[in-house]
Amino acid sequence: HFILESAIVSVVGDDFPQEYLDLLTDRNIDISGLEVVKGGKTFFWSGLYHNDLNSRDTLATELNVLADFQPKVPQNFKTADVVMLGNLHPLVQSSVLDQMDVKPKLVVLDTMNFWMDCALPELLEVIKRIDVITINDEEARQLSGEYSLVKAAAKIHAMGPEFVVIKKGEHGALLFHNHQIFFAPALPLEEVFDPTGAGDTFAGGFAGYITQSENISFENMKNAIIYGSNLASFCVERFGTERMVHLDKDEVIARLQQFKSLTQFDIEI
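Position in the sequence shown counted from 1, then plus 131, gives you my numbering.
No lab work stands behind these hints, which were simulated from the structure alone. All clues stand as given, with none of them false.
Calculated cross-link-like contacts (lysine to aspartate or glutamate; reagent style EDC-like; alpha-carbon spacing at most 16 angstroms):
id, residue 1, residue 2
1, K286, D268
2, K236, D262
3, K169, D199
4, K236, D212
5, K299, E269
6, K169, D145
7, K236, E293
For each label pair, taking beta carbons as the anchor points, the in silico distance ranges come out as:
id, residue 1, residue 2, range
8, D145, I312, 43 to 53 angstroms
9, G170, K282, 47 to 57 angstroms
10, T394, T210, 29 to 39 angstroms
These numbers come from a predicted model, not from an experiment. Think of the CB as a built atom: it goes at the ideal place given N, C-alpha and C, for glycine as much as any other residue.
Construct all of the structure, not just a fragment, from the sequences and the given hints.
Put into structure tokens, the structure is as follows:
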């Protein structure tokens with residue numbers, strides 16, 4: 132629903148359904164940077180969520196074509212204003228930045244504890260080169276060695292990123308910038324069907340809002356956090372991308388009003 136040029140650099144096998152590619156191109160997303168490996172199998176993950184839908188057990192992870200992925204950024208992408216580095220090996224993330232012709236105005240990085248366990252030195256190197264990192268509370272504690280999220284954010288900030296976003300699932304998200312802190316609530320929902328992809332949806336909404344508004348201030352980051360949380364609240368209502376595919380602008384605006392009413396109050400001090 133953003134009015135901007137967007138593109139994806141990734142890899143899939145030739146088992147990847149054409150209908151999913153059509154979903155992207157129908158929304159004017161450039162997929163010329165999407166490599167389709169002939170005879171290859173697409174990345175596969177399955178998991179079992181616990182009753183609280185916050186914790187989960189991984190049942191299977193098959194990297195397949197992702198195991199040997201060498202990203203190739205098309206020439207027309209190499210001057211992008213905003214780069215969103217998805218949750219992949221830190222060397223893949225670094226490779227994308229190496230291929231940019233000019234330094235992006237904003238680089239957002241998503242990562243997870245898996246890379247902290249098996250590729251920490253490489254992760255720390257790419258973190259030095261980014262502006263925003265998005266991780267969950269457990270990952271922030273692991274990366275920083277601090278239990279307090281305030282202390283954790285300060286340590287991560289010292290590693291390189293100007294902004295630190297810590298996601299807390301159903302409890303919202305925190306934005307840290309120097310000594311400034313902003314808390315964004317999550318919208319209470321009657322039913323959560325599938326939380327898979329909520330973090331990616333959050334990051335995409337966050338980066339998309341920043342790109343469209345062309346404002347990288349802390350105040351606008353607050354709006355971007357709310358927008359990302361708003362979209363993530365739709366994602367969890369159906370399986371996979373089912374809810375997002377049929378989402379319209381009026382629904383997004385109506386739910387933004389709900390978010391606003393969650394924390395809007397008048398109090399005399």
